[in-house]
Amino acid sequence: MFNNRRVILSMKGINKSYPMGESELQVLFDVDFKVYQREFVAVLGPSGSGKSTLMNIIGCLDVASSGNYVLNGRDISKLKDKELAAVRNRDIGFVFQNFQLLNRMSALDNVVLPLIYARVPGKERKQRAMVLLNKVGLGDKMLNKPKQLSGGQQQRVAIARAMVTDPSIILADEPTGALDQATGAQIMELFKELNREGKTIIMITHDPKIARQAGRVVHILDGRIYTQEEYDAKYNEEGLVREEEQSEITARNRRRRLMNV
Amino acid sequence: MFKDIIKMSFKNLLMNKMRTFLTTLGIIIGITSIIALITIGQGVTSSVIEQLSGLGGNRITVEITNTNVRKGFTDAEMESFLEIDGIDGVSPTVRKNLVYTLVPGETKSNYNYVYQSATRVMGVNNYYFELVANDTIQAGRSINDDDINNATHVCVLGYGIWKNLYGNYNPVGETIKILNMDFVIVGIMNELVGLDTAGNYSLIVPYTTAMRDLQMGLVKTFDAVLGDSGDMGIVVSQMEDRCAEILGTTSGYSVINQQEVMDIVVTITDLILGMLGGIAAIALLVGGIGIMNMMLVSVTERTMEIGLRKALGAKPSTILVQFLVEAVIISMLGGVLGVALGATIAYVASILIGYKFTFQATTVLLAVGFSVTVGLIFGILPARKAAKLNPIDALRAQ
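Chains as they are written, first to last, in the working numbering: chain A, 1 to 261; chain B, 1 to 398.
One or more of the hints may lead you astray.
Simulated crosslink set (SDA-like; lysine to any residue; CA at most 25 Å straight-line) [what the hints assert, rightly or not]:
| hint | chain 1 | residue 1 | chain 2 | residue 2 |
| --- | --- | --- | --- | --- |
| 1 | A | Lys145 | B | Lys11 |
| 2 | B | Lys7 | A | Met20 |
| 3 | B | Lys388 | A | Phe29 |
| 4 | B | Lys388 | A | Asp75 |
| 5 | A | Lys82 | B | Lys108 |
| 6 | A | Lys78 | B | Arg384 |
| 7 | A | Lys147 | B | Arg384 |
| 8 | A | Lys147 | B | Val297 |
| 9 | A | Lys126 | B | Thr300 |
| 10 | A | Lys145 | B | Thr303 |
| 11 | A | Lys80 | B | Ile188 |
| 12 | A | Lys82 | B | Ile188 |
| 13 | A | Lys147 | B | Thr300 |
| 14 | B | Lys108 | B | Met1 |
| 15 | B | Lys388 | A | Lys147 |
| 16 | B | Lys11 | A | Asn144 |
| 17 | B | Lys388 | A | Leu102 |
| 18 | B | Lys388 | A | Met20 |
Calculated Cβ distances over 12 Å to all of chain A for the following chain B residues [unchecked claim]:
| hint | residue |
| --- | --- |
| 19 | Leu25 |
| 20 | Val265 |
| 21 | Thr318 |
| 22 | Asp393 |
Think of the hints as simulated: they come from the structure by calculation, not from any bench.
Glycine residues also receive a C-beta, built at the ideal position from the N, C-alpha and C atoms.
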């Protein structure tokens, strides 16, 4: 359905393992993942599924042990620390569960921060930040410190900050996790609106209700990635292997045992 | 971007004013002591040298150290040193407290009756005026060679005694009695400042007159002045020979090259300054460790912030520079305050001790340079720690 659109993110055969003493702990297995421009994708998985690791790799905060990762037409797999910093700055806008705003700075200065690292001149920085704060509905609270804002308002500041460098993707990690239902819903509305305006959004969550609001849901379980169809075929709503499959296995075993006898 | 980093650093430091100030204190103390010591040391040394070298480093002092051998030289014996090649002149001083009398009619002093008192009388020649007064005089003339050769009865008033006896009146040409002998006042000295101020309250007469007519005794110590052609080493050894010849012994006297004395003074002051400088350097070291300590605490406190900044695109080098700039700002602040405080202390000391206060731009540059270096050295470890933080771990820190 998105074949006529440009691929903005493409992962092929991504593996990630961490050294654990003598042995290694593999967290991601042969992950293939594609995101098209203007998509709103939710990566849904329970804790321990490897979704945080996947997010870190997508966000260029971490690199894969093996595999291929192309973001916005650029192979990221072999970049150095400082080049990764530049990619994070230009191509990725982070939205975190706990907002991650600097408390001693005003909302405006928080939004300006990525532009400092992008070496945008001072005047333009302020203008761009103000435009975005207005867009997220905080035009009258620009000079407030984060502590003077509600949780929802803080997350709006964080979203403005994520948008300010006009990145290729917005990467949101449990963006409603620290918010109540109503506020969370508002934030989701904001994401949907941004998506309608053309932003590519990748959202990591453990909450199926939140994930369902995205245009496409990708499941991650035990370090492997499944499309909705693959997942539905294999697992039930609780994330357990379906009974039909279970019974099929038992039937097969019974047949095998009979043949052996 | 560097401007933004500096702005951010200032904001961070202002967040913890008390902590920043206390950290700065170490550097302030270090730099203050360095500046105060250097400035006081330079002032004192240059004052001492200036006074020691009134006639330059070309003076050789002869002194009878054991008065059992001989009480001193006669004027003829002393003048025999002039025969040595390379010696331009001799400058003796004989001193004794003597009674003097002012008689109304002979001189117009503050007293309208016959006034009698005692004061120090100094027997000298023209070299004395060169040495202590830089050959200047307030009024009249100083003692000249004619006075020495003819043992004339003339006298020059020291500044202090002139003020006491005459106020502002100029008595040049009038007569004063020393031991009931008439002396014509020929001059008034300027006020002496520095090491040798004995002349201020003295009546100064030709040394020949002092020795022959005023019976002020023998010359215990005198300076020989070396001419341009004289070789210091040869002249000194010839003078030692002459001393041995006159006194008939090889001990009980000394012949000292003034340059050596000056060198010793310089060596000693350098040594003392070096030791004090070492202590100041330790203070600076402690201050630097204080900065490092505070910056390490700051890095730990701000782990999450560092993680976030990295996520938003700060390069490791940017983080490094930010923390380094903070350390340097603290140390530079300490340096500037230390320079101000140290200079103030040195200035007050110059008034109290009475040396010339000089302040050199190089000292300031040195001190500020020093403090910046301390900031860089002790800031690099915390800054590197910050720059190396893994953004994932840092973001997770609480």
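Sort out whether Met20/A lies within 25 Å of Lys7/B, counting only the CA atoms.
violated, 43 Å
25 Å Cα cutoff - pair Lys82/A, Lys108/B
Distance ~94 Å between Lys82/A and Lys108/B Cα, so the pair is violated.
With d taken as the least Cβ-Cβ distance between Asp393/B and chain A, does d exceed 12 Å?
violated, 10 Å
Does Phe29/A lie within 25 Å of Lys388/B when you go C-alpha to C-alpha?
violated, 28 Å
For the pair we were handed, Lys78/A and Arg384/B, check the Cα-Cα distance against 25 Å.
holds, 23 Å
Measure nothing beyond the straight line between the CA atoms of Lys145/A and Thr303/B; if it is 25 Å or shorter, mark the hint as holding.
holds, 20 Å
In terms of Cβ atoms, is chain A entirely out of 12 Å range of Val265/B?
holds, 57 Å
Does the alpha-carbon distance linking Lys145/A and Lys11/B stay inside the 25 Å limit?
Within the cut-off at roughly 14 Å; holds.
Sort out whether Met20/A lies within 25 Å of Lys388/B, counting only the CA atoms.
holds, 22 Å
Are the Cα atoms of Lys388/B and Leu102/A separated by 25 Å or less?
holds, 20 Å
Does the alpha-carbon distance linking Lys11/B and Asn144/A stay inside the 25 Å limit?
Since the Cα atoms of Lys11/B and Asn144/A sit roughly 17 Å apart, the hinted pair holds (cutoff 25 Å).
Lys126/A and Thr300/B were given as a pair; does the straight-line alpha-carbon distance stay at or below 25 Å?
Not satisfied, since the Cα-Cα distance of roughly 30 Å exceeds 25 Å.
In this structure, the hints that do not hold are numbers 2, 3, 5, 7, 9, 11, 12, 14, 15, 21 and 22, in rising order.
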